[in-house]
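Each chain, letter by letter, is given below.
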Amino acid sequence: MTMTARLTAPGWYRAALSVLAGALFAFGLVVLVRALYGYEPLVDGEAITTVALISMGVAFLLGIGCFDYWFRWASGAPTVPDDHSGHGARSWRDYFRVNTDHKVIGIQYIVTTFVFFVLGGLMAMLIRAELAAPGTQFVDPNTYNGLFSVHASLMIFLFIIPVFAGIANYVIPLMIGAPDMAFPRLNALSFWMLPVAGVMMTASFLAPGGAFATGWTAYAPLSTEMPVGQTFFTIAVQFAGASSIATALNFLVTIITMRAPGLTFFRMPLLVWANFTTSLLVVIATPFIAGSQFLVLFDRALGTHFFNPGGGGDVVMYQHIFWFYSHPAVYIMMLPGFGIVSEVISANARKPVFGYRMMAFSLVAIVILGFTVWAHHMFVSGMFSWLRVPMMITTMLIAVPTGIKIFSWLATLWRGVIHLTTPMLFALGFITMFTLGGISGIVLAILPVVIHVSDTYFVVAHIHYVLFGGSVFTIFAGLYFWFPKMTGRMYDETLGKIHFWLSFVFFNLTFGPMHFVGIDGMPRRVADYADQFASLNAIISVSSFLFGLSFLIFLYNMVTSWRNGPRAAANPWRAHTLEWQVSSPPPLFNFDDIPTVVGGPYEYGVPGAVHGVFKDREKEPVPAGTSGVAHE
Amino acid sequence: MLALATLASIVGVAIVYAIDWFPTQASTTSNDVDVLYDVLLFVSIPIFVGVMTVVVYSVMRFRARPGDMGDGEPIHGSARLELIWVIVPFVIVSVLSVYAWIVLDEQEEPRANEMVVRVTGQQFAWHFAYPDASGKTVRTDDLVLPEHRPVKFDITAEDVIHSFWVPAFRMKMDAVPGLTTSFRVTPNRQGNYSIVCTELCGLGHATMRQSLKVVPESEFAAWLEKKRGAGAANVSAGPSTTSTGVRSQ
Amino acid sequence: MESASVSFPARLEPGEKPVTHDHHGPPEANRSSRVDAQFLGMLLFIISEIMLFGAFFTAYFFIRGVANEAWPAEGTHLPVAVAGVNTAILISSSFTMHWALESAKNENRAGLRAGLLTTFLLGATFLAIQVNEYVHIGFAPGDHAQGSIFYGLTGLHGAHVFVGLTLLLFATVRAFRGHFTPKDHRGVEVPGIYWHFVDIMWILVYASIYVL
Chain Y
1 MTMTARLTAP
11 GWYRAALSVL
21 AGALFAFGLV
31 VLVRALYGYE
41 PLVDGEAITT
51 VALISMGVAF
61 LLGIGCFDYW
71 FRWASGAPTV
81 PDDHSGHGAR
91 SWRDYFRVNT
101 DHKVIGIQYI
111 VTTFVFFVLG
121 GLMAMLIRAE
131 LAAPGTQFVD
141 PNTYNGLFSV
151 HASLMIFLFI
161 IPVFAGIANY
171 VIPLMIGAPD
181 MAFPRLNALS
191 FWMLPVAGVM
201 MTASFLAPGG
211 AFATGWTAYA
221 PLSTEMPVGQ
231 TFFTIAVQFA
241 GASSIATALN
251 FLVTIITMRA
261 PGLTFFRMPL
271 LVWANFTTSL
281 LVVIATPFIA
291 GSQFLVLFDR
301 ALGTHFFNPG
311 GGGDVVMYQH
321 IFWFYSHPAV
331 YIMMLPGFGI
341 VSEVISANAR
351 KPVFGYRMMA
361 FSLVAIVILG
371 FTVWAHHMFV
381 SGMFSWLRVP
391 MMITTMLIAV
401 PTGIKIFSWL
411 ATLWRGVIHL
421 TTPMLFALGF
431 ITMFTLGGIS
441 GIVLAILPVV
451 IHVSDTYFVV
461 AHIHYVLFGG
471 SVFTIFAGLY
481 FWFPKMTGRM
491 YDETLGKIHF
501 WLSFVFFNLT
511 FGPMHFVGID
521 GMPRRVADYA
531 DQFASLNAII
541 SVSSFLFGLS
551 FLIFLYNMVT
561 SWRNGPRAAA
571 NPWRAHTLEW
581 QVSSPPPLFN
591 FDDIPTVVGG
601 PYEYGVPGAV
611 HGVFKDREKE
621 PVPAGTSGVA
631 HE
Chain U
633 MLALATLASI
643 VGVAIVYAID
653 WFPTQASTTS
663 NDVDVLYDVL
673 LFVSIPIFVG
683 VMTVVVYSVM
693 RFRARPGDMG
703 DGEPIHGSAR
713 LELIWVIVPF
723 VIVSVLSVYA
733 WIVLDEQEEP
743 RANEMVVRVT
753 GQQFAWHFAY
763 PDASGKTVRT
773 DDLVLPEHRP
783 VKFDITAEDV
793 IHSFWVPAFR
803 MKMDAVPGLT
813 TSFRVTPNRQ
823 GNYSIVCTEL
833 CGLGHATMRQ
843 SLKVVPESEF
853 AAWLEKKRGA
863 GAANVSAGPS
873 TTSTGVRSQ
Chain C
882 MESASVSFPA
892 RLEPGEKPVT
902 HDHHGPPEAN
912 RSSRVDAQFL
922 GMLLFIISEI
932 MLFGAFFTAY
942 FFIRGVANEA
952 WPAEGTHLPV
962 AVAGVNTAIL
972 ISSSFTMHWA
982 LESAKNENRA
992 GLRAGLLTTF
1002 LLGATFLAIQ
1012 VNEYVHIGFA
1022 PGDHAQGSIF
1032 YGLTGLHGAH
1042 VFVGLTLLLF
1052 ATVRAFRGHF
1062 TPKDHRGVEV
1072 PGIYWHFVDI
1082 MWILVYASIY
1092 VL
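Chains as they are written, first to last, in the working numbering: chain Y, 1 to 632; chain U, 633 to 881; chain C, 882 to 1093.
None of these hints come from the bench; they were simulated from the model.
All residues carry an ideal CB built from backbone N, CA and C; glycine is no exception.
All clues stand as given, with none of them false.
Estimated spans, in silico, between C-beta atoms of each pair:
(1) C:Ala951 to U:Lys784: 27 to 37 Å
(2) Y:Leu24 to C:Asn989: 38 to 48 Å
(3) C:Gly956 to Y:Pro390: 38 to 48 Å
(4) Y:Val111 to C:Val961: 53 to 63 Å
(5) C:Gly1059 to Y:Gly303: 42 to 52 Å
(6) C:Leu924 to U:Val688: 40 to 50 Å
Output of the computed footprint for chain C on chain Y, the stretches with three or more beta carbons under 8 Å from beta carbons of chain C:
(7) 177-190
(8) 252-260
(9) 278-287
(10) 300-310
(11) 315-326
(12) 582-592
Bound-form chain Y, shown alone (with noise of 0.2 Å):
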């Protein structure tokens, strides 16, 4: 290729020229604007960087392609909407480029976020590093707040409920039967916006006065005071959260009118109701925290008054629309993993999960109990008092649902056959870990007790709990369960059992002694504290060194088996579901006939039960009872 038909094609060379356009784009803008108003100076750096960082993320996005088809198609130029040029991947380099193949865009998140994961965890042991002893070690307390605000954004919006994002892109058209998601190009679109977020917030560090340094919740008017780096949280979290909306929307349509025949809502595996309900939360919450971040942009960019008392504004106000977001977003980052290990521990343990349809209703319990919260993290703001109460009665309620999911599991082990493999092994942890998790929850909603330790390490503990031993181990139990189907190549077992072994007991050890110093008198998110936590805090940060080593084992694991592991089945966990129904890794197209569901997703031990079944294959016997082709 000639390098004018590099810098016209879509890809990385124009994604380059046009990133650089932005620029100047953003800067021309801001000195025309000023020189207009009659401003002085002319060229304002804080408002360059504003524009600039909007301008060059959608610049990137149209230097990379997301827009090309789009921009034919309204300009009337012929178009073929079933267009499949960019599907599919043949070599490495169709992981780089935009892609419409749903299992090529799922590849594509899983690792980006995992590259993001790695930094997120490596900010953690700069801070666990300064924390191993009263005073100051390695890090001003300026980088100090910007790392802790840093490790805990990319976390959640870089990894965790992207990357959940990203399995169910993989395997959800698999298990509906369908031959991919409803919108593939804004599929595309959804991933590009990532890599934009996450460059963003980690590029604040190389802002003047730092990166953001107001934790992840930005509470105002603390952000509407900071240097420019909190601009970088401010915007990036525009992309993520368009992303993560994007995402959902395509979800819900996807589930809702691709279905394989047969696939009525109650035979769907839970993973896919999992991930409905979750999608209803992003398409109903996300919204509010792109307007709280509005919000605080324009008190930054424009000096309006909205969290300024002087002005008329009003502080409090912030955390209300934030967390009306920030609270459904918990649950954005776990229900996908309630739907991932109730099918790592219904294969595993040969057995029907228990209670299918009590599983199914207590996902849309927690979705319809999640928007009914939100002020819980509010309980010492100064918000209106008469709120407090009410909402830790529905936060309590919560407990419900979520205990009829950890006893099913439960029940679900009982008398079954079971398999220890790594995913397994993870979705035990997981239940155990979450359960603790829980329980801290509960202490955490109970008035008396939360105003005193709200904001304290005892918080720390409980939201690794619930999102280190909560989600994050559902997606380590995700990943295994799935690598086989992902790659065609099976992990090495025993290193995945060393895996899980080393991260759960120095995971406890890690955060276990956080509900300790928390309880007795350490606030969360400062560089220095009192010498009396001194001891406990030095083996927090042992026990986290040794645990952030441990997922070196995990990545050479997946490093080494996607390239020389053994091949593997098509269906090496004898799992159910219509994505093991299928070669390993999946046609292009995923299937060539688009199979019908005559029974439910876990009829293990049912003699003759079969899910799904394939015009092109030799007919498995279906019981009596089942047979036929049942229509909504």
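Position chains U and C relative to chain Y; hints supplied.
For chains U and C alone, kept in the frame of chain Y given last:
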């Protein structure tokens, strides 16, 4: 297995009760909070231990023997069991909510002979003001409280959100610019206790720690008198607010 | 906005040959719902847009209801009548939009083009009047919280009008280039839904900012 779970629960509860969780109690309601927490432990530890027991027991008892390619029993559910684990947790959380509400009301009940102390958070220090009946206000940078005298803290902030936490009192409230928040305590134990800022407020957040002193009533009166005399500059007439547009919610 | 879906057979433009693949194409997906995928997608998008407005209305509620600031701010005046006329303009554009869609369904090409063009022009007029109001209103977003939320809500809505106009522009261009038939008018219908949403949202914004 039930016996195993019970035994393990007893051991679990014994272990968590052996841990000294809380800092010193220095107010009349500190003990209520600690007791409430103990009750929570008593209810929740058996649940956690029970879950652990079922997992470990199942894994040992039902583990597949090598080469076993069979399936488990196709048990799809049990309406009775499912009903039980909806109703029992529901009852537990309801009872706990009511109990918590009672403790909260007790903590927040206004008391006779209440002394008001105004607390102002600023990056990165706390300031205090003692208004008295004559409308005079004594401003100080250190907090001294008389023992056994109910105190109401009226809290606000000058710049960004801070949070006023006295671990020994088990009480905490955000200091919010433009808003006056409050909490009540009755100190009942003399000594020095720490004040900690628990809301991220910028560069010096980690070191925004001060201490307060609880002293006998007479000693407090003498201290206040001394402060009042220590320069008319510190005394201003009339109730003054530190920031404009302060209101209560 | 018409993002394609593999669930539908290829709809080829007049005079175009089907694209051949070096592999066999995807199997046709089962349609498990009567609802059209793009219609559903637009509805979900609108739900999320409503929530975005919800966040701004929360700010409005706190500034006006909780903080109890004077409304409008002392010494300022909101041009209720002019904005009322503007409201009428925007609402009438919903009717012309509907006319355009009906024309497309009845193969009335002239009606389709005229309907889309009128809708576009009405929308553009609305936006122009809104900008003119900003110029003459006499307060800035940074003057007080009431000004912030006034510009916040009307500006957010204005941005949506702009997006709606962009979508309408696409539809209009395509209409003039001969697209859309009685069977295939999704490219008019889907932007139309969005346009109706923008209109209804304006009624809420107008009511809460100017009238109440």
